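Participant: Each chain, letter by letter, is given below.
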Amino acid sequence: MTIPVYVVTGFIGAGKTTFLNHLFDKEEWQNIRVLLLQFEEGEEEAAPVIPGCTHLLLADDLQQPGAIVQKIAQVVGQQAFDEIWVEWNGMQPFSLLQTIFCDEALVTRCSIKRVMQLAEVAQVPGLIGNTGAALPQQIANSDFVVLRGSEEAGRGQYRKAKQLLHGLNPGVPLVKSEDLNGVYRSFFGKKVPPLAPIAAGGAALLVLLAAFWLIPQAKDTSFASVLTLFVGIMLQAIPFLTIGVLLSSAIQVFVPARWIEEKFPKSLGLGVLFAILAGFLLPVCDCTSIPVFRSLVKKGVPLPVAITFVTVTPVINPVVILSTYYAFGGDLSVVLARVCFGIITSILICIAFILWPTKGEILSGGTVDRMMCSCGYYEPQSVSAGAAEKWRLFLRHSQAEFFSVGKYLVLGTLLAAVIQVVGGGVFFNAPNGLGLAVSTVLLMGMAFVLSLCSSSDAVIGRSLASQFPMGAIMGFLVFGPMMDIKNVMMLSSGFSKRFILKLIAITFTASFFVVFLFSSLGAI
Amino acid sequence: MTNRKLNVQILLEMMCCFLFSVMMVYMVLSKQYLYFVTPRMKGYLYFVAAVMLIWGATGVKRLFEPQHKLRLAHCFVLLLPMVLLLLPMDVMNVSKISSQYVGKTGFAMTAAQPDTAATVYVGTGTASQSDGDASQTLPGLDVANKTITVADDDFSMWVTELYVHMQQYEGYTVSMTGYVFKDPNILGEGQFVPARLMMSCCVADLVPSGIVCLYSNADILKQDVWVTVEGTLTVGERVIDGTTTQEPQIKVTKISTAKEVKGYVYPYYIDG
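Protein chains in written order, with the numbering used here: chain U, 1 to 524; chain X, 525 to 796.
None of these hints come from the bench; they were simulated from the model.
Because the structure is a prediction, the values reported are computed rather than measured.
No residue lacks a Cβ here, since even glycine has one placed at the ideal position from N, Cα and C.
Among the clues, some could well be false.
[As the list claims (entries may be wrong)] Simulated DEER-style distance windows between Cβ atoms:
| hint | chain 1 | residue 1 | chain 2 | residue 2 | range |
| --- | --- | --- | --- | --- | --- |
| 1 | X | P663 | U | R498 | 54 to 60 Å |
| 2 | U | P256 | X | K585 | 22 to 28 Å |
| 3 | X | K746 | U | L209 | 46 to 52 Å |
| 4 | U | R498 | X | K746 | 50 to 56 Å |
[What the hints assert, rightly or not] The calculated DSSO-like cross-link candidates involving lysine-lysine, where the alpha carbons are at most 27 Å apart (straight line), are:
| hint | chain 1 | residue 1 | chain 2 | residue 2 |
| --- | --- | --- | --- | --- |
| 5 | X | K555 | U | K219 |
| 6 | U | K191 | X | K593 |
| 7 | U | K390 | X | K585 |
[To be verified] If we take Cβ atoms under 8 Å as the criterion, some of the chain X residues that face chain U in the derived model are:
| hint | residue |
| --- | --- |
| 8 | L530 |
| 9 | V532 |
| 10 | Y557 |
| 11 | F560 |
| 12 | P563 |
| 13 | M565 |
| 14 | L569 |
| 15 | F571 |
| 16 | V575 |
| 17 | K593 |
| 18 | L610 |
| 19 | P612 |
| 20 | D729 |
| 21 | V731 |
| 22 | P791 |
Between the sequences and the hints, there should be enough to build the whole structure, so can you do that?
Facilitator: Laid out in C-alpha cells, this is it:
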C-alpha cells in the first residue's frame with residue numbers, strides 16, 4: 001500500500017502555509033499520521049495543529065533533488081505515515097516534484113494523489129505570464145484550484161482569473177477558499193479515472209460501428225449522410241491542417257522573435273504587400289493558414305498584416321485560382337474578379353483593424369500564450385536550444401498543436417456536416433429573382449454554414465449560377481474561404497471570442513461592400 | 525528503472541498516430557479513400573501517414589515522462605475519423621446521396637458542369653490533338669462504325685470530350701451508363717440525364733454530371749434507377765440566364781436497366 005501524497009502549489013505569498021494550518025484545524029486530523037514536506041519558507045510558520053505530525057523543511061535542498069529523495073526515504077523508512085502533504089515551492093516547476101517522487105527510492109512507497117493550486121483572484125492576471133514558467137506548469141498539473149478573495153475581487157476580476165486558469169488547464173474545477181467542505185471533497189472525493197471518458201467514447205463508437213454492420217437500414221438514414229460528409233471533410237482537411245501546424249511550428253521554433261522584429265517590413269503597406277504575395281505563393285487552404293496566422297501573431301507580426309494574410313490566402317492561392325478557372329469554363333473575368341475582390345476585401349479588413357485597434361488581449365491564453373505554447377514549452381528554451389533539440393521541440397510542438405487545433409476542426413466539421421444534411425435546403429430552395437443585395441447576403445450565409453474547402457467551392461458556386469446573379473455568387477466565392485463555421489471553430493482554439501466576433505463582422509461587412517459595390521457598377 | 529510509471533497520455537497519442545498512419549496507407553492502397561476524397565489527395569494522405577509515423581516515433585522517448593494530470597480527450601481527433609472509416613463502405617451509396625442530399629438541395633449542374641469540363645479540355649491545350657490521330661486512341665471510340673462506347677471509368681473524360689467536340693461527334697452512336705437524374709428546374713419534358721456524381725474535393729461537394737438525353741418516355745423513368753442508354757449524338761441548345769448555349773444531347777434509341785456503378789467520377793483535370 002503506497003502512502004497518498006497531497007500537494008499544495010501556488011506562488012510565493014499565495015498563503016499556502018496559512019491554508020494548510022486552516023485545513024488541519026479540525027478534530028478528524030488528530031488520529032492521522034501526517035508527514036508534512038515544506039519546500040518553501042513561508043511568511044507564516046507552519047505550526048501544524050496535529051500532534052503527531054512530522055515536519056520536514058526542504059527549501060534549502062532544492063538544488064540537489066537526490067538529497068531530498070534521501071531525506072524523505074529515510075523518514076518514510078523509519079516511521080509509518082497515513083498521508084504525506086507537500087507545500088511545493090512557488091518558483092519551482094512541478095516536474096521537479098514529479099522527478100523526486102518518481103525516484104526509485106520513493107516510487108513504490110508513495111504516490112501523488114491530488115494536486116491543488118492556491119491563488120488569490122486579484123493577483124492571477126499579474127502573476128501568470130510574468131513570473132516565469134513554473135507557475136503555468138503548476139496550474140496545468142493541478143486537479144483543482146482554490147481561489148482566495150473571490151468575494152472582494154468582484155465579478156469582472158473573477159471572470160478574468162477563471163479565463164486565464166482555464167486557458168492553462170481547460171475545465172479545471174475552481175473552489176472558493178471559504179468553502180472548506182468543497183476543498184475536502186476535492187482532495188478526498190472520488191476521482192474520475194482519466195481513461196473513463198475515452199473508454200466511454202470508444203465504446204460508443206464501437207456500438208455505432210456494430211449497428212452499421214448489423215442493421216442494413218442504418219445506412220439509409222440522414223445520420224449516415226452526416227457521418228459520410230464528416231469523414232470526407234476531415235480526410236480533406238487533415239493533410240492541410242498537418243501542413244499548417246508544421247509551418248506554424250517551424251515559425252515558432254526556428255524563427256526568433258528578434259528576427260521578425262528586425263527583418264519584417266516596418267511599414268504597414270510593405271507588410272500587407274508581403275502578406276498578399278505570400279498568399280499567391282502558398283498552395284494552401286484555410287486549414288493551413290489559421291495555425292500559421294496564430295504563430296505570426298505570437299511572434300509579433302503586426303495584427304493588421306497578419307489578418308491580411310489569413311483572409312487573403314484562401315481566396316487567391318494558386319489551387320483556388322486554378323479550380324475557379326476550370327469551374328467557370330475558363331472565364332478569366334470570374335477568376336480576375338475573385339482575386340481582385342479578395343485582395344480589396346482583405347485590405348479593407350486590414351484598414352478596419354488599423355482604424356479600430358482591438359483592445360485587450362486577442363490570444364485567448366493572454367500573455368502566457370506569447371511565451372509558452374500548448375505543449376508546455378517556452379520561448380527562451382527554443383531560442384537557446386541546439387539544432388537537435390530544436391528539431392525535437394519542433395516535432396513535439398507540431399504534434400501538440402495538431403491535437404489542439406484538431407479538436408476544434410472536429411467540432412466545426414461535425415456542425416457543418418449536420419447543417420449540410422439538415423438545413424442546406426433553406427438556401428437552395430430560395431426563390432429565383434431575389435434582388436442583388438438579398439441574394440448576396442443569402443449566398444454569403446450559405447458559404448459560411450457549408451464550410452466548403454476553398455478549392456472546391458467554385459464548382460458549387462458555378463452550379464448556383466442559374467439561380468442567382470453573378471454578384472451574389474462572387475459574395476459566395478470571396479467571403480466563404482475567409483470565414484466559415486470550420487474557420488471560426490479553428491480560430492477559437494487560440495483567439496479570444498471578442499476578437500473572433502469582430503473579425504467575422506468586419507470580414508462580412510467588407511466583402512459585402514466590395515462585392516455589392518463592384519457588381520452594381522457592372523464590374524462582373 | 526523497472527518501476528517507472530507509464531505515461532498513458534503519451535502511449536495513447538503514440539497509438540493513435542501509428543494507427544492513423546497505417547489507416548491512411550491502407551485507405552490509399554485499397555483505394556477506399558476515393559469514396560471520400562479525390563485522387564488528387566493520394567500524395568497528401570501519404571504525407572500525413574509519414575508525419576504521423578514520425579510523431580508516433582517521437583513518443584517512444586517520452587513514454588515514461590512523469591505527468592500528473594493526463595489529458596486524453598484530444599485523441600478523438602484521430603480516433604473518430606479512424607473508427608468512422610471502418611463503417612461499411614457502401615454507406616455512401618451513390619443514389620442515396622443523390623436523392624437525400626443533392627436531390628433536395630437542387631445541386632443540379634447538367635448545364636453548368638459539363639461546360640466546365642469542356643473548357644478544361646481546351647484550357648489544357650490538348651484540344652488540337654484530338655482533331656488528328658489522337659482521337660483514334662480515345663478508349664471506346666470506333667470511327668469506322670461511328671460509335672462511342674463509354675466505359676464506366678472513362679465517364680468524366682467522355683463527357684468532357686463530347687462537350688468540347690460536339691460537332692465532330694454529331695451523328696455518332698453513344699452508349700453510357702448512369703442513374704436517372706431529372707430536375708424540372710433545368711431539364712424540359714422528355715429530357716433526363718444518365719448521371720454520375722462528380723466530386724471536386726470531397727463528398728461534401730458531389731454534383732451530378734452527364735449528357736442530356738432526349739427520350740419521349742422520360743416521364744416514366746424512375747429517378748435514381750441505373751440505366752444504360754444508347755442513342756445518336758446531336759447538338760442541342762439550352763437557354764441559361766438569357767443566353768443560349770450549345771450542348772451535346774443524345775437522342776435515345778435504346779434504354780436498358782443497368783447494374784449500379786460504384787464510386788464517383790472526378791473532373792477531368794483531376795483525373796487526367
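Participant: Against each hint, give a clear statement of whether it holds in the structure.
Facilitator: Now the hints, each set against the structure:
{"no.": "1", "hint": "P663(X) - R498(U): 54 to 60 Å", "result": "59 Å, holds"}
{"no.": "2", "hint": "P256(U) - K585(X): 22 to 28 Å", "result": "26 Å, holds"}
{"no.": "3", "hint": "K746(X) - L209(U): 46 to 52 Å", "result": "33 Å, violated"}
{"no.": "4", "hint": "R498(U) - K746(X): 50 to 56 Å", "result": "54 Å, holds"}
{"no.": "5", "hint": "K555(X) - K219(U)", "result": "21 Å, holds"}
{"no.": "6", "hint": "K191(U) - K593(X)", "result": "12 Å, holds"}
{"no.": "7", "hint": "K390(U) - K585(X)", "result": "16 Å, holds"}
{"no.": "8", "hint": "L530", "result": "12 Å, violated"}
{"no.": "9", "hint": "V532", "result": "7 Å, holds"}
{"no.": "10", "hint": "Y557", "result": "7 Å, holds"}
{"no.": "11", "hint": "F560", "result": "4 Å, holds"}
{"no.": "12", "hint": "P563", "result": "13 Å, violated"}
{"no.": "13", "hint": "M565", "result": "7 Å, holds"}
{"no.": "14", "hint": "L569", "result": "6 Å, holds"}
{"no.": "15", "hint": "F571", "result": "6 Å, holds"}
{"no.": "16", "hint": "V575", "result": "5 Å, holds"}
{"no.": "17", "hint": "K593", "result": "5 Å, holds"}
{"no.": "18", "hint": "L610", "result": "6 Å, holds"}
{"no.": "19", "hint": "P612", "result": "6 Å, holds"}
{"no.": "20", "hint": "D729", "result": "4 Å, holds"}
{"no.": "21", "hint": "V731", "result": "6 Å, holds"}
{"no.": "22", "hint": "P791", "result": "7 Å, holds"}
In summary, the structure is inconsistent with hints 3, 8 and 12 from the numbered list given earlier, while agreeing with the others.
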